[in-house]
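Asks: Spelled out, the chains give:
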Amino acid sequence: MPSKFLSGSAPNAAPAPSPDGFRPSDEASGSDRPDATPWAASGAAPAAHVHAALTRTSTGTEDLRELESGLDSLQSDADRKHRIDWSRILLPVAALVVLVLVWQFYVSLGVKRRDLVPGPLDVVGQMGLLWGEGKLQGAMWTSLQRGVVGFLISVAIATPVGLLLAQVAPLRRAFGPLISGLQVLPSVAWVPAAIIWFGLTDATVYFVVFMGAIPSIINGLISGVDQIPPQYRRVGTVLGASRLQMALQVILPAALPGYLSGLKQGWAFSWRSLMAAEIIAVGGTIGFGLGSLLDQGRDLSDMTIVMAAILLILGVGILIELLVFGPIEKRLLRRRGLLAGSTR
Amino acid sequence: MPVVLEHLGKRFGDGAPVLDDVNANIRQGEFVALLGASGCGKSTLLNIIAGLEAPTSGALEVPSDGAAFMFQDAALFPWLTARENIELALKLRGVGKAERRAKAQELLELVHLGSAGDKRPHELSGGMRQRVSLARSLAQDRQLLLMDEPFAALDAITRDLLHDELERIWKETGRTIVFVTHNVREAVRLGQRVLLLSSRPGRVVQEWAVTEEHRTDAGLAGQLTGVITARLREEIRRHAK
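First to last, the sequence lines map onto chains A and B. Using this note's numbering, the letters of the first sequence map in sequence onto residues 1 to 344. Using this note's numbering, the letters of the second sequence map in sequence onto residues 1 to 241.
Hints are computed from structural coordinates only; laboratory data are not their basis. Just so you know, even glycine gets a beta-carbon here, dropped at the ideal spot from N, CA and C. Some clues are possibly wrong.
Unchecked claim - Which residues of chain A face chain B? A few of them, derived with a C-beta cut under 7 Å, are: (1) ARG56; (2) GLU66; (3) GLN75; (4) VAL235; (5) VAL238; (6) ALA241.
What the hints assert, rightly or not - Label-pair ranges, simulated between beta-carbon atoms: (7) LEU52/B with PHE175/A: 42 to 52 Å; (8) ALA152/B with ARG173/A: 44 to 54 Å; (9) ARG88/A with HIS122/B: 19 to 29 Å; (10) PRO160/A with LEU52/B: 48 to 58 Å; (11) ARG238/B with GLN227/A: 34 to 44 Å; (12) LEU300/A with HIS122/B: 53 to 63 Å; (13) HIS122/B with PRO160/A: 22 to 32 Å; (14) ALA152/B with GLY240/A: 51 to 61 Å.
Bound-form chain B, shown alone (with noise of 0.2 Å):
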């Protein structure tokens, strides 16, 4: 079921528009980058294909069963190890008992934390609350995968790596996914597509392809990074009084 956003505005009471005329069509399957400098409406318009707000104005399609959400903090519960996190999850989708528990264990394995699931999460490094989380959106079990800067607050090493973590896992998992980033070199990293959004109000002004050539050849990445931090500080400069 792809996710299909026509002419979308949103606006917070008689405040400037927040977003004005999103159009945007996502495959299911594929893995999409959400470009934008801040002010451009990003988590607005994540939580309106999540359907935690509604739109002004346009229309969308996206599957009835709703997304699964990753924020930027991990977001656990502090009471609550790493496996009872995800249990919890499952629990709230209405997972029978004797299943959740080896659900769960599954889950951390794709996540390779196996071995930490008794860990409460202050007892975990930021990349592995992110992994839990991760792991507990997917036991959310929805197609559609929301990410909200899941990566911003980690250091470069472990980012680095969970891009890795991520690739591999919307391959095994073929989850929809759409990620919203600050960050171009991000974006270029993990995205099929990359789309920019102009900041205030948020508006899809362009969009590339990312290849499987450029996930292999840093040279070609880079060129495609350049030329979109070009227009995103084009995007940036027009706020420039």
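For reference, chain A alone in the conformation it holds in the complex (with noise of 0.2 Å):
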């Protein structure tokens, strides 16, 4: 083979480092290799029939055309259809079926009263009788809305702040220890602050959601931030980004699965701090929550309200991570082929 006679023995055949001391391959290969191809030979060399690595190795456009293109099938995987995995579906559903049975199981042993720990079927009833009056509708909608406006309004105040600290290194300095502190402080000490400087309004609850919400989305974005592959920045410059362009262009969107698990405890941190003002903060102008309800129960010394609050407050965790949170996060990671071998 021309190419691998070429490049095995031409560098081999100069032993001096002396340049002056180099073989020509020409004669190399006409005395060390009677079966030498003729153009070896005779040292002339047709330009069509030579195929090393050392020249051109297509004869054209066109055929340079086809020759990438069969190596292109032959390197990328074909297209994989995507269809319902039922698993998803079915394993959650009967986990939580297991779940029930264990509980109306230990409830039916009759180890504690039932006013104490009532069963899966008492609490259905208890929510079907606050349906009835309106209550558990109402109370659902009002902490969704609170949560969901206060989270939106955390994400849009976060974001700005988030991007700068994690782009000017004084503001981190400065400013960072303070951010980390407050998102370990649980937002729930807030609550007597707040009912001291706005009373028992919606303001309370808005701003507990807030000094919860707030500075988890800004630490989430900050590391996003942190573990960007620095050559993407590079790139950047290289294309000619200004720093407002880097930031929006490149940074950001490069974040964004850190930025993303940020809105996510963000929003965790939101309902939380949503129930915990709810359940402190109960009359004046601030509505009745799921917070309220469970609070009402308490009252009431009534454990079907307590649970089915907590079912409820559970329940919506959950039906976000669902509809909201899973679906974004998966699309994200697919598009950017992180999700191979993951067990989402």
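Since each chain comes alone in its own frame, lean on the hints to assemble the complex.
Replies: Okay, structure coming up:
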């Protein structure tokens, strides 16, 4: 093979470091290899027949296009069709059924008084009653609305602040520890302060939600930015991105996976803070939310209301994850090719 | 507009110089292969030519609009499709929205990826990614194209094809290309001129002209490869303890 011979022996033909000691490959092949191809023996290479890595290997643009297209189809995966994966639906439902059965089994053992540990059917019955009164939908709507509005405002505040902190080193050094600290501080600690400042109004609830959500969104965004491969910034610079373009076209999309987990956590903090605020601050112009329902159940010593409220709060959390964050995250990861091999 | 490097030197802090007295003169439209072992400051030199770093001594003359850059890894943005990656380069250059799409398609056709524009980087093979990356660097529309070992991570079959592809595109677009490589064969295959850089500090120690005959005559090309390899090894041996 001409290519093998050339690439293998040409450099070795010069054992001495001096370029003068080089022995032309033509002579070498003429004496060492009786079966050498004609071009090597004669020293004149017919261009059309030589296919060595050292010279042009294709015969023209069309040939090249064909070769490349062949290689492309060999090297890239065939498109895979997406089918509905039933195990994704059946397994969680099965897990839920098992849990409810265990609960029912425990209750039927009669270890505790029925009014202290109601069974699943008692709780469902209570939910039905509350639904009939319109209390359930009302409380859920009030809470959900507040949670979502508070969360969206938090996103709008936290995103520019997070980008700024991630990009400007002195700002980050100055405020970074404070933001991390705020994330650790339970936002429910703000409830007394908020009640004193804003009274029993919606402002109290929103304030507590902000103090819960904003720091965790900022932190998520910052850690997302920290994990960006340095190469992306370099490419941005080479492509001539301005500071603002760099932030919006490169940094933000590159940090999106981290930002999204920040958003998820931010939502979780919003929802938790909201429930805490609703449980503690009841009355005034504060409407009746799920937290208020829970507190009312406690006042009435009605365990079925308490359990119903807890399950509804949990249910909203699961629904938001399943319907909002889950699909967004999955899409994001799939588009970046990060989903292969994951258990999602 | 040519690229002229005069007595260029670079050191980081108080360390030993990375580049020392680098002299080179690259004509417009020329394809120059910059060859050297590790530690010859090839990447630093490219960064200086691209204007990403400043030299500590010497002078250089480069096109005022800067240079396009192609990296060893394709460095495509994974959240964008192949087409959008190219469009982003056009957008950052200030090309209007309507024109962007047509221009991006044109560039995709140029690298023979006209039908893969909607694929995302992870769906492309290494060679395809590198071709998209090439199209993106062409989208920058700079006369000078700097390439930092762009084919080093590819398999041999793909690399041979991309050599042909790059040569074709260079001829079609008339760019000035500075191509950095560790690979002597690659340098001989692609460059009109091969500059050998010494290591620690980097300095142009010798250069060879590669003629059209070398492109078609494997014997001749092999001979030149041998000569350059011998010189490169001599340079590496100097560092033996």
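Asks: Looking back at the hints listed earlier, which ones does the structure fail to meet?
Replies: Those not satisfied are hints 2, 7, 8, 10 and 14.
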